[in-house]
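There are 2 protein chains.
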Amino acid sequence: MSGFFDKLYSHTVAGLRPSPIREMFHLIRKPGIISFAGGMPDPEIFPVDLFYEAAGILKTQGRDVLQYGTTEGYPPLKEFLRTWTAPRMGRTVEDEEILITAGSSQVSDLLCWSLVDPGDLILIEDPSFLGVFLNMHNHGADFLTVPCDADGMMVDRIPELVESAQRQGRKVKLCYTIANFHNPLGCTLSLQRRKKLLEYAHRYGFAVLEDDPYGYVRFDGEHLPTLFSLDDQGVVVYGGSFSKILAPGTRVGWCAGNREIIRKMAVFKQGVDVCASLVAQALVYEYCRLGHLDGFLPRIVDHYRKKRDAMEAAMRRHLPLEEVSWVKPQGGFFCWAQTKSLDADTLFLKAVEKKVAFVPGKAFYPKQDGGQNALRLCFTFASAEQTEEGMSRLGQAMREMLPG
Amino acid sequence: MSGFFDKLYSHTVAGLRPSPIREMFHLIRKPGIISFAGGMPDPEIFPVDLFYEAAGILKTQGRDVLQYGTTEGYPPLKEFLRTWTAPRMGRTVEDEEILITAGSSQVSDLLCWSLVDPGDLILIEDPSFLGVFLNMHNHGADFLTVPCDADGMMVDRIPELVESAQRQGRKVKLCYTIANFHNPLGCTLSLQRRKKLLEYAHRYGFAVLEDDPYGYVRFDGEHLPTLFSLDDQGVVVYGGSFSKILAPGTRVGWCAGNREIIRKMAVFKQGVDVCASLVAQALVYEYCRLGHLDGFLPRIVDHYRKKRDAMEAAMRRHLPLEEVSWVKPQGGFFCWAQTKSLDADTLFLKAVEKKVAFVPGKAFYPKQDGGQNALRLCFTFASAEQTEEGMSRLGQAMREMLPG
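From first to last, the protein sequence lines stand for chains A and B.
Numbering that gives the first Met the number 0 applies: residue 0 is where the first sequence begins, and numbers increase by one.
Numbering that gives the first Met the number 0 applies: residue 0 is where the second sequence begins, and numbers increase by one.
Keep in mind that a hint or two might mislead.
If chains are identical, the list can't say which one is meant, so a pair holds when it fits in one copy or spans any two.
Only pairs whose alpha carbons sit at most 25 Å apart, straight line, appear in this in silico PhoX-like list of lysine-lysine [as the list claims (entries may be wrong)]:
{"hint": "1", "residue 1": "Lys-6", "residue 2": "Lys-194"}
{"hint": "2", "residue 1": "Lys-349", "residue 2": "Lys-195"}
{"hint": "3", "residue 1": "Lys-6", "residue 2": "Lys-170"}
{"hint": "4", "residue 1": "Lys-339", "residue 2": "Lys-327"}
{"hint": "5", "residue 1": "Lys-195", "residue 2": "Lys-6"}
These are calculated hints, taken from the structure and not from any lab test.
Construct the complete structure from the given sequences, taking the supplied hints into account.
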């Protein structure tokens with residue numbers, strides 16, 4: 000009976016924002032298309048044999064890892080992460096401060112369950128990661144958007160935004176930040192701004208979700224201290240993921256935070272999906288235990304550094320430099336190209352005709368009010384040859400849109 | 000900073016009902032305790048070697064299955080399920096009618112996202128499965144509880160409940176039913192009542208969630224037609240799971256339903272966790288493709304039939320039959336023991352002293368208003384020897400509480 004459910008849908012469905020990317024990806028599933036669109040790892044650098052080696056745990060520990068797991072996560076994996084993350088966390092976090100999740104997307108979902116009532120406000124980089132802010136929107140959150148420059152979120156805007164909201168009786172619950180190698184911008188929050196952001200969080204009493212899927216994928220320079228490690232008051236929840244440092248097909252992520260919030264998130268997780276796939280957690284654990292995470296990660300980083308360099312060189316060669324500018328990312332997956340005047344939606348259609356794809360910037364603006372002239376380019380997926388050819392096609396598409 | 004999050008919690012947290020089972024399980028983690036409490040499969044019957052054999056797919060298809068998957072599920076697994084479920088679904092469902100989920104718990108979570116606004120009503124068996132109704136409660140649902148007898152939900156109560164709610168301007172969105180081998184009751188909804196339930200769903204315009212994790216674990220008699228197969232109007236969402244027919248550590252479940260609701264659920268799933276672990280889905284698929292699901296399932300069913308029989312025999316031998324009654328379950332994991340006068344919470348503490356555990360019935364009542372004298376006994380986990388000894392201890396505990 001078509002339309003049966005129309006009468007039953009929740010208000011959330013009425014307010015659902017269709018993901019523009021979802022529709023777009025139908026357009027670009029064409030043979031021969033070179034894609035800088037999806038934020039996907041390169042399957043060529045997946046450690047297939049090493050991961051298969053880890054599958055031995057399904058035999059040796061099968062009776063344990065085929066059973067239900069505790070909601071908090073597979074204990075050996077939690078134990079591994081406590082030690083492994085210590086250099087970035089600034090200390091060895093306690094067992095009660097870690098929750099294993101179904102990828103780092105779920106960190107945001109569970110934190111919203113715990114914190115967000117309809118109408119609550121979330122401070123967010125403008126632009127930001129679509130998947131997370133659509134979920135936040137579904138939880139009823141509204142956004143206070145903070146613009147970014149090459150040093151990340153312009154945190155000095157926060158006091159005015161928060162105070163103005165508070166004057167209107169609104170609650171600012173959370174600041175969501177991708178501090179390292181931002182998606183989609185590629186920028187990294189400076190140390191000074193990290194400290195400032197925490198100062199504001201403490202002053203105004205909001206929590207911080209530090210979403211760090213790309214943190215370990217740094218090509219140049221030194222790691223900056225995480226917000227989690229700089230925070231002496233336990234207001235930061237740090238979200239990590241194996242998607243970029245091992246493989247996204249595991250769907251294993253984690254978060255670290257104040258034990259009271261971790262406990263609340265676990266209560267929600269129990270109702271949502273009981274626990275992350277124990278089979279997947281065990282495979283990831285065994286891969287780590289065998290030393291492959293530390294052994295293989297440098298190869299992943301090298302691989303993507305070369306790809307970043309290949310894309311940057313191709314951009315310099317093929318794009319109209321009087322029209323396009325970008326900041327070279329020091330890590331992560333993305334380069335954000337800002338044009339002076341090109342309409343990115345029009346350019347997208349023209350590019351797809353020429354068999355090259357990207358994501359128009361508009362998709363990443365929580366309030367759908369920016370990015371008309373910008374492009375997100377993912378440099379990790381296409382091969383060096385594809386990147387060269389794809390950038391040449393993109394440059395042609397841009398030039399055809401320019402006057403004269 | 001202890002207490003930091005107290006000021007930030009959502010209203011949902013304020014209304015969170017702590018799971019009584021969570022606390023209880025701390026009490027029963029003692030050496031030597033025989034547990035009829037958790038609803039866990041017997042690890043002795045996990046197909047460890049066959050599942051390990053399936054891990055070959057991580058090598059042969061590694062570059063595919065370590066990548067992000069589509070939200071709707073791993074296409075080969077969806078294709079397998081279309082065919083495999085056809086006898087129970089009454090037809091081969093379409094690809095767009097299936098969504099792969101993180102266990103069948105997530106089916107309910109995603110359906111609530113799609114349908115439930117705070118204050119909406121859900122018809123539910125009284126008692127029912129705790130994990131699901133706590134999640135529904137978190138989504139803001141209230142419950143219209145329907146009592147059960149040996150033939151399952153007493154569906155004749157539905158018209159009065161729904162009409163009375165509608166007179167008060169309330170919306171009844173959904174009926175949640177575990178029609179086969181109910182958790183915790185062990186009963187099965189009769190064919191006549193299945194038809195009646197659908198008649199009411201069509202008349203009053205509510206959807207039906209048919210949660211069927213135990214459906215394939217039938218010991219005696221013939222399978223009854225699923226509600227999904229009896230429904231000619233597309234109002235039923237059927238939830239299935241590999242937890243009981245393969246192993247829960249996979250956390251792979253699925254649902255089948257009207258394509259419009261499946262599409263909506265997928266949109267929410269994308270924000271919640273992107274997709275179910277593709278690694279886990281691929282392992283499950285390969286296990287199925289190798290013929291092990293069909294090959295091994297009869298052994299699982301035989302194994303649990305023997306355990307059901309062992310528990311029933313031990314109950315007859317050791318429990319005070321003038322005080323305790325039960326209906327022999329035809330499948331599933333649970334037997335519900337109703338006592339005339341024993342307070343199950345007091346009995347629980349006494350039983351734990353004697354090193355045997357069960358779940359007091361109260362935990363399963365959505366409105367916390369029943370089950371004071373009842374026990375849920377899981378017969379799948381403990382060995383036959385443990386069951387004999389455990390039931391002897393439980394009988395002693397009961398007798399100590401009886402007068403004279």
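Structure-based check of each hint:
1. Lys-6 to Lys-194: between (49 Å within a copy, 23 Å between copies)
2. Lys-349 to Lys-195: neither (43 Å within a copy, 57 Å between copies)
3. Lys-6 to Lys-170: between (32 Å within a copy, 10 Å between copies)
4. Lys-339 to Lys-327: within (18 Å within a copy, 75 Å between copies)
5. Lys-195 to Lys-6: Result: close only across copies, 22 Å inter versus 48 Å intra.
Of the hints listed earlier, the one the structure fails to meet is number 2.
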